[in-house]
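Peer 1: Protein sequences appear in the order of chains A and B.
Numbering-wise, our numbering comes out as the position in the first sequence, counting from 1, plus 168.
Numbering-wise, our numbering comes out as the position in the second sequence, counting from 1, plus 305.
Hints are computed from structural coordinates only; laboratory data are not their basis.
What you are looking at is a predicted structure, and each value in this text was computed from that prediction instead of being measured.
A portion of the hints provided could be inaccurate.
Said to hold, decoys possible - Where chain B lies over chain A, by a calculated footprint (3+ residues, C-beta under 8 Å): (1) 277–287; (2) 316–327; (3) 365–371.
C-beta atoms are modelled at their ideal positions from N, C-alpha and C, and glycine is treated no differently.
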Amino acid sequence: MDELSGKAPARAGVRLSGLTPAVRMGLSIAVATGLYGVSFGALAVAAGLTVGQAMALSLLMFTGGSQFAFIGVVAGGGSASAAVGAASLLGVRNAVYGVQMNHLLAPRGWRRLLMAQLTIDESAATTLSQQEAAEQRRGFWTAGVGVFVLWNAFTLAGAVLGDALGDARRWGLDGAAVAAFLGLLWPRLKGREPVALALAAGLVTAAAIPWAAPGVPILLAAAAGAAWGWWGHAR
Amino acid sequence: MTLWHAVIAAGLIALATKLAGYAVPARWLQNPRMHRVAGALTVALLASLTVMNTFAEGTALHLDARLAALGVAALALWARAPFLLVVVLGALASALVRWWV
Chain A
169 MDELSGKAPA
179 RAGVRLSGLT
189 PAVRMGLSIA
199 VATGLYGVSF
209 GALAVAAGLT
219 VGQAMALSLL
229 MFTGGSQFAF
239 IGVVAGGGSA
249 SAAVGAASLL
259 GVRNAVYGVQ
269 MNHLLAPRGW
279 RRLLMAQLTI
289 DESAATTLSQ
299 QEAAEQRRGF
309 WTAGVGVFVL
319 WNAFTLAGAV
329 LGDALGDARR
339 WGLDGAAVAA
349 FLGLLWPRLK
359 GREPVALALA
369 AGLVTAAAIP
379 WAAPGVPILL
389 AAAAGAAWGW
399 WGHAR
Chain B
306 MTLWHAVIAA
316 GLIALATKLA
326 GYAVPARWLQ
336 NPRMHRVAGA
346 LTVALLASLT
356 VMNTFAEGTA
366 LHLDARLAAL
376 GVAALALWAR
386 APFLLVVVLG
396 ALASALVRWW
406 V
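Chain A with its partners taken away, still in its complex shape:
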């Protein structure tokens, strides 16, 4: 009925294009995130992974921070088990998102498995930004499926490109990895406490590098971070 009244145009426009705010947000996040799959693919190959291994990480692991952590440890000469450890610890936050998504969206059966695999920073953030249940659902699926498709497509493009580039250092890909990690960390440095924690973790890492096996300094910093969170003050 409203569509026929005078104040309808904006709403009718939304109807016509079929895009609700949650869908629009999910799509823009999917494009922005998917694009930097290029950097993951290229850096994975530069770290010594094959194109197939880079794709396996994007398809199966599918959580950007952990994927970058995995190749970051491998690039630094760390053992395979240190790479698994660092990637797995960085994925712990997805379990917390899972609890929130389960509470809001309550998936059943096979949808639950699919939803779990698509539970990442971007889909959780899109869902949590919406108030209405139907919009939360649309936001989750748009961001989750959108990021999955684009992230994997661009990982493949980046890995093939990285393979063709050859010598990674000549193209500054080691610098790209540094920038990528700082870029992942940056949005989380809001307020004094995370900055202090980041500096402490950085110092622990630098102090441990000369005497610990490659990859181990990252796990020590993770242990320090977990202890900080466990015993830290609630604010």
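Let chain A serve as the given structure and place chain B on it in line with the hints.
Peer 2: Coordinates of chain B only, in the frame set by chain A:
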């Protein structure tokens, strides 16, 4: 452990972690302490990875072109550049420094 084993194992652990959020009783994870641990773990790991990728050369600390990438990336992030641009600028910075020095 070969690299392929590590890729598959880490992938399965990541999926199991996500599923755990849907499967375990909410009160195990949905409390302020677990939120703090997950948040602190993420910040500590990303900071550690940044430092390692900037300064580590095997088991030695080493200053080279990567430091320029760190500085340029920080400036770009401070200026609110999008992620992909930050990564490209980081690559450019270290490639240029290596070319000049």
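Peer 1: Check whether three or more residues of the segment 277–287 of chain A sit with their beta carbon closer than 8 Å to a beta carbon of chain B.
Peer 2: holds (count 6)
Peer 1: Can you take a look at whether the segment 365–371 of chain A is actually covered by chain B? Rule is 3+ residues, C-beta closer than 8 Å.
Peer 2: Our answer is that it holds, as 6 residues pass the Cβ test (under 8 Å) against chain B, meeting three.
Peer 1: The segment 316–327 of chain A covered by chain B? Criterion: 3 or more residues, Cβ-Cβ distance below 8 Å.
Peer 2: Not satisfied, violated; 0 residues make the cut.
In summary, the one numbered hint that this structure violates is 2.
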